[in-house]
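So the protein sequences, as listed, match chains A and B.
Count the first sequence with this note's numbering and you get residues 557 to 799, in order.
Count the second sequence with this note's numbering and you get residues 557 to 799, in order.
Just so you know, these hints were derived from the structure itself, not from any lab.
Here the structure is a predicted model, which means the values were calculated and not measured.
Check the hints yourself; a few may be wrong.
The list treats identical chains as interchangeable, and a pair is accepted whether it falls inside one copy or across any two copies.
Said to hold, decoys possible - Only pairs whose alpha carbons sit at most 20 Å apart, straight line, appear in this in silico SDA-like list of lysine to any residue:
id: 1; residue 1: Lys716; residue 2: Arg559
id: 2; residue 1: Lys574; residue 2: Pro704
id: 3; residue 1: Lys761; residue 2: Leu794
id: 4; residue 1: Lys655; residue 2: Asn666
As a plain string of letters, each chain reads:
2 protein chains.
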Amino acid sequence: MSRTAAALIIGNEILSGKIADTNTTFLARGLFELGIELRRVVVCPDEIDTISRELNELRSTHDLVFTSGGVGPTHDDVTIEGVAASFGRPVVQSEAVAKMIRHYYGDRVNDAHLRMANMPEGAEMIRSSEAPWPTVVIDNVFVLPGVPEIFELKFTDLRKRLDQGQEFHSQAVFTRSGEGEIAGLLERIAKAFPGVMVGSYVKWKAEDYRTKVTFDGNDADAVAKAADMLVDELAPDLFVRRE
Amino acid sequence: MSRTAAALIIGNEILSGKIADTNTTFLARGLFELGIELRRVVVCPDEIDTISRELNELRSTHDLVFTSGGVGPTHDDVTIEGVAASFGRPVVQSEAVAKMIRHYYGDRVNDAHLRMANMPEGAEMIRSSEAPWPTVVIDNVFVLPGVPEIFELKFTDLRKRLDQGQEFHSQAVFTRSGEGEIAGLLERIAKAFPGVMVGSYVKWKAEDYRTKVTFDGNDADAVAKAADMLVDELAPDLFVRRE
Chain A
557 MSRTAAALII GNEILSGKIA DTNTTFLARG LFELGIELRR VVVCPDEIDT
607 ISRELNELRS THDLVFTSGG VGPTHDDVTI EGVAASFGRP VVQSEAVAKM
657 IRHYYGDRVN DAHLRMANMP EGAEMIRSSE APWPTVVIDN VFVLPGVPEI
707 FELKFTDLRK RLDQGQEFHS QAVFTRSGEG EIAGLLERIA KAFPGVMVGS
757 YVKWKAEDYR TKVTFDGNDA DAVAKAADML VDELAPDLFV RRE
Chain B
557 MSRTAAALII GNEILSGKIA DTNTTFLARG LFELGIELRR VVVCPDEIDT
607 ISRELNELRS THDLVFTSGG VGPTHDDVTI EGVAASFGRP VVQSEAVAKM
657 IRHYYGDRVN DAHLRMANMP EGAEMIRSSE APWPTVVIDN VFVLPGVPEI
707 FELKFTDLRK RLDQGQEFHS QAVFTRSGEG EIAGLLERIA KAFPGVMVGS
757 YVKWKAEDYR TKVTFDGNDA DAVAKAADML VDELAPDLFV RRE
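Could you put the whole structure together from the sequences, leaning on the hints where they help?
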């Protein structure tokens, strides 16, 4: 069975539309490549109680949970407090990280900067090769920052730790057919290959195809055979290409 | 008090990273402009039970719920079934929409196309000026399609219905200061103006500023005064501009 994952995206700026969240898509692609099934994403505001409540549910029902956002120096960065509350642990300062922060900011260092050294008691700090500060990990929860550049750096570093050699195989067939015209065929393919996820995506803007059909699964052979079945049963003039 | 809203984004393609969801940001901005507080977004797979369970929770705890995705003609489009299950209602075919679909597809019409005429029994069908099919509305739940162009068309049409003359006022101050250096000041401003949401966003790529501070609220005067307080207390050489 695949490992399952959930994401908790934290930030008023996402819910007010000020910032478009791109971390979900980056995480989703990365987990997919690792053969980990992202089952649920929740976006919530910067509130300690809300974060704690959401996290309680996500971490008890998924193998891995990734949080994004709310770990900076300002008053609305309360993710660490929320995570700590979820685990019933106090927030403590990491001496090692505080030292790094003092070194980085020098004379300008203040209490706000040092908030970034806070972590739930007993959390692990994973050093990253490129990101400025370590990543807080507690049990099955990985606490990542909202800034996309740093989120991506940190997740990329975590991939080695998460990789268990599982992977998904993918094929795509592009067709000039509308989605409705092949819906019955796709349903038969999905039933014939229960381990293969069959998806279809309509292009509304002009392209050389109208519907892209995707086949994904752990079994490369089943994925290829499912794609074969579509190509074989599709009228030849509707087939565009296969990738 | 502001009305509250939640969104349920439905689709395996979002969770596998095949498609980047843009509907959340579009919806978030639109609701913000209407003075409606988007409190929670959940992304879930195309599964009837999961959709029904998520929707039960979201619709009982928010004034308005918007779903995105899973309303096309294929076997994995099960949102209508999920919504119907949440309300304990059977799925029925809308005669009016079936007629529109038959007219549109002519001789090519099939059962898959006609699935798009399905709705939970007793749902309202809102005709839209530009979108091809009506929008299904049941109680406080608005069922929107995942294709961004159509999602945006339909939500734009719904705005008139949702507009109650409330609105949020926004101001932004751009500064050369780092976020940590003004964290204490921002906290004092947030405490002095409890009805104003204060947000801060760091730019990591080169710009003429380092931190953008935003002020949002229902009271235009309080928003302006909160922004004044930042400008007044900021060192003049750190101020870039105000919008």
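With 20 Å as the alpha-carbon cut-off, assign the pair Lys761 and Leu794 to within, between, both or neither.
within (18 Å within a copy, 45 Å between copies)
| said: Treating 20 Å as the Cα threshold, decide for Lys716 and Arg559: within, between, both or neither. | reply: Within. Shortest intra-copy distance 15 Å satisfies the 20 Å Cα cut-off; inter-copy 44 Å does not.
Intra- versus inter-subunit Cα pairing at 20 Å for Lys574 with Pro704
both (15 Å within a copy, 18 Å between copies)
Note to self: Regarding Lys655 and Asn666, is the shortest C-alpha distance of 20 Å or less found within a copy, between copies, in both, or in neither?
What the structure shows: within (13 Å within a copy, 68 Å between copies)
Hint compliance for this structure: every hint is met.
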